[in-house]
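Keeping the supplied structure of chain A fixed, place chain B upon it in accordance with the hints.
Quick mapping for you: the protein sequence lines, in order, are chains A and B. Its first residue numbered 1397, the first sequence is counted upward by one per residue in my numbering. Its first residue numbered 2, the second sequence is counted upward by one per residue in my numbering.
Hints in this document: simulated from the structure, not taken from any laboratory. Even for Gly, the Cβ is constructed at its ideal location relative to N, Cα and C. Be a bit skeptical, because a hint or two may be false.
[Claimed, not checked] Chain A residues, not near chain B, derived (Cβ > 10 Å throughout):
no.	residue
1	Ser1403
2	Gly1454
3	Pro1457
4	Trp1477
5	Ala1497
6	Lys1560
7	Arg1569
8	Thr1608
9	Leu1610
10	Leu1617
11	Thr1657
12	Ala1663
[Unchecked claim] Now the stretches of chain B that chain A is said to cover, found in silico as 3 or more residues with beta-carbon under 8 Å:
no.	region
13	52 to 66
14	204 to 211
15	236 to 249
[What the hints assert, rightly or not] Straight-line C-alpha distance at most 25 Å; calculated SDA-like pairs for lysine to any residue:
no.	chain 1	residue 1	chain 2	residue 2
16	B	Lys382	A	Ala1513
17	B	Lys382	A	Ile1400
18	B	Lys163	B	Lys65
19	B	Lys251	A	Trp1510
20	B	Lys308	A	Leu1658
21	B	Lys308	A	Thr1507
22	B	Lys170	B	Glu160
23	B	Lys247	A	Thr1507
24	B	Lys182	A	Thr1507
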Amino acid sequence: MLGILASIIDGVLVGLVYGLAAMGLTLIWGVMDVINLTHGAMIVAGMMALYLLVSALGISPYLTLPPVLVGGFFVGLALYWIAIHRMVGRPPLMSLLSTFAVNLILIGIGTAVWGTALFNVEVSLPGITIGRYTFPGAHILAAVLAAVIAGSLYVFLHYTRIGKALRAVANNREAAELVGIPTTRLLAIAVGVGVSLAGVSGMLIGTLFPYTILSGDGYQLKGFIVTVLGGFGNPVGALMGGVALGLLEGLVTPFVPVSWTLVIEFALFVLVLIAFPGGIFSSRRGAL
Amino acid sequence: MKRLCLLAAAATLFAAPAFAQDSANTITIGFTDSQTGPLNVDSLGQQRGYEFWRDEVNAAGGIKVGGKSYQVKFVSYDDQSVGGRVQQLYTRLINEDHAQFLFSPYSSGLTAPAAVISEQYGKIMLDSGGAEEKPFELGNKYLFMVITSAGHYLSGAVEALKSKDPHAKIAMVYSDDPFSKAVLTAAKAQALAAGLDVVMDESYSPSTTDFGPIVNKIISSNADAFMGGGHYSDGATLARQMHDQKANMKWISILVAPADDKFGELGPSALGVTVPSQWEQQVNYKPQFGPTTAEFAKAFQDKFHAKADYHAASGYTCGVVLQHAIEQAGSIDPEKVTAALNATDITTFFGHVKFMTDPGHHGLQDAHKMVLAQWQNVDGKLGRQVVWPLEAKSSELLYPISASQ
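Just chain A, same shape as in the assembly (with noise of 0.2 Å):
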């Protein structure tokens, strides 16, 4: 029974990690209507600059959490302009297609750059033991910042004016236009917060796990499926989307043998998108 609750936490942990990297998945998209497949190579950036930060300077992983979350930011911008700008109001495959040739140049630099071989962060933090079942503190860690930074998200979107005029721009872009927003500075907003998200959650997940270069994808995929539980467009349903996934894993890893998660998983994932076709956190596509 305490094995069964321990995998319940754990997923509720990880989940909310799994839930922010799929909020700028999801931001994106609600702003305008562009799905990132750059995603999983965002994340895999955060990652390495988790590396890099701290074994170049030394600090602790942690610190690496502002200059990830700016750079993101910067980086976001520069996607926007290069490979979304020209995209942005055409069919849908048009954004798909550029993002996923960034995708590619950019695993194929970092494969090239560093092989596949394995990055590894040292974390030492206290975890809590209950039983036989220990919590690491790193995972705690990384939840409750998961929690925190999908929480400034919120109140940026719903108190400051930019957050503000982002939502106009997802609620209606012409019509934030005939108010004086200047949209397509926006949308690079947006793609820079979304990057920069994804880029923050690689970093809190390369404080958990070893990864390689290729570690983006599998994250990708979960952030498809949180988006679908919780809504497209709904970055506050990511993160309970997030929760829902890692919740299901832990719940259903003590009963069935694991090699079935993934059909699980994916069976919900179709479920889901038959009956409630918006997501379901989500009233709204485009409300953000």
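Coordinates of chain B only, in the frame set by chain A:
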């Protein structure tokens, strides 16, 4: 313009015989490697082993057949770690690049489809990257495995664990791929035959990112020993999460990942972890053919500025074994070289190499023995030590793992 054409024609006249002479004195060997994709690290070791052998053979004057010397030429392509690419590329290697002999890609998953093509065209393929037995049970005639096959990967680990705890309870958790499944299926039978208890036997999807719930399940199973893993990042993640979640295993054997030096990056999570290894630098066989371990290790280090791992050593051995067979056959005729490979019974720096010849297992490795290496802290430095079999050990086996921390 006319003079230019004449000059070009003259150049062609001189160049053509030179080219013909060049190809007549060259043996072309084809293979694919995984320059990109998840198998990149292990494949790179194997590829370096192949290339290192080629460079050494060519520098020594080539492969000697009768009174003639052949230089070795490679043709290779990136298979992107994708099985679907392999058959297309091996067909190309044979038909367009005219490869006379083939080396295997890396991993069982890629070697099996490549073997279909090599057999179809009657080309000899030396295999150092795929340990799964299945392709060798299909009546193939030209496929030869220089490494120990999957069924024996964890034999040493089972024996060593039994020597320390005859009543150990083992959790077997492994990647859902042909190689890992073959290894753990055999290991389970060996463990049960040895009287050990297997309390958990499950496979996970290769795309698994978080092993937290799985580690909790291992703890709930009351296992005190762990055997499993798969290829690379999954094995490393398992080791790290078992350490972070204080699974308190007395024994951990993980496939492939700990055989790479980068596994040491895990620090305390790596300590005490054992890995079945095809070859380690501490192993010292007396070679009848090719370099000694010390010569190989030093020359490799000098050339690549990296330590040779078992993938590099097995790749090199493919070349050594093919060279030996060609020289024994005194010909590059495929049938004669196949007969020489069937009769091969030599010791190289990699160990004893001999192939099974019965139709049900033709080409499987019959003589090579694996060692068990353990990550230990020796003189304050984390590294792999050979701990099993006892006659090959470079350090005492540390059991339970907590004894090494």
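Results for each hint:
For Ser1403/A, the requirement that its beta carbon stay farther than 10 Å from each beta carbon of chain B is not met, with the minimum near 4 Å. With a closest Cβ-Cβ approach of about 15 Å to chain B, Gly1454/A is found to remain outside the 10 Å limit, as its non-interface label requires. For Pro1457/A, the condition that its CB be more than 10 Å from all CB atoms of chain B holds, with the nearest at approximately 14 Å. The non-interface label for Trp1477/A is consistent with chain B: the shortest C-beta to C-beta separation is roughly 28 Å, beyond 10 Å.
The claim that Ala1497/A lies off the interface holds: its Cβ sits roughly 16 Å from the closest Cβ of chain B, which is beyond the 10 Å cut-off. With a minimum CB-CB distance of about 35 Å to chain B, Lys1560/A clears the 10 Å threshold, and the non-interface call stands. At roughly 35 Å from the closest C-beta of chain B, the C-beta of Arg1569/A stays outside 10 Å, upholding its exclusion from the interface. A cut-off of 10 Å between C-beta atoms contradicts the statement that Thr1608/A is not in contact with chain B; the least separation is 5 Å.
Not every CB of chain B is more than 10 Å from the CB of Leu1610/A (nearest about 6 Å), against its label as outside the interface. Under the 10 Å C-beta cut-off, the non-interface status given to Leu1617/A relative to chain B is violated; the minimum distance is some 7 Å. In this structure Thr1657/A is not separated from chain B by more than 10 Å, as the shortest Cβ-Cβ distance comes to only about 7 Å. Non-interface status of Ala1663/A relative to chain B is upheld: no Cβ of that chain comes within 10 Å, the nearest being about 14 Å off.
Counting residues of the region 52 to 66 of chain B whose CB lies closer than 8 Å to any CB of chain A gives 0, so the stated coverage by that chain is violated, three being the minimum. Counting residues of the region 204 to 211 of chain B whose CB lies closer than 8 Å to any CB of chain A gives 7, so the stated coverage by that chain holds, three being the minimum. Restraint check on the region 236 to 249 of chain B versus chain A: 8 residues with Cβ-Cβ distances below 8 Å, three needed, restraint holds. A distance of roughly 21 Å separates the Cα atoms of Lys382/B and Ala1513/A; the hinted pair therefore holds under the 25 Å criterion.
The hinted pair formed by Lys382/B and Ile1400/A fails the criterion: a straight-line CA distance of about 39 Å is larger than 25 Å. Our distance criterion of 25 Å between C-alpha atoms is broken by Lys163/B and Lys65/B, whose separation comes to about 48 Å. At roughly 34 Å between alpha-carbon atoms, Lys251/B and Trp1510/A are farther apart than 25 Å, so this suggested pair is violated. Between Lys308/B and Leu1658/A the alpha-carbon distance is near 38 Å, which puts this suggested pair outside the 25 Å criterion.
Proximity of Lys308/B to Thr1507/A is assessed by CA-CA distance (about 20 Å); at most 25 Å being required, the pair is judged to hold. In summary, the hint linking Lys170/B to Glu160/B is supported, as the alpha carbons are separated by about 14 Å, within the 25 Å threshold. Between the alpha carbons of Lys247/B and Thr1507/A the distance comes to roughly 33 Å, so the proposed pair goes past 25 Å and is violated. This hinted pair does not check out: Lys182/B and Thr1507/A have alpha carbons roughly 28 Å apart, beyond 25 Å.
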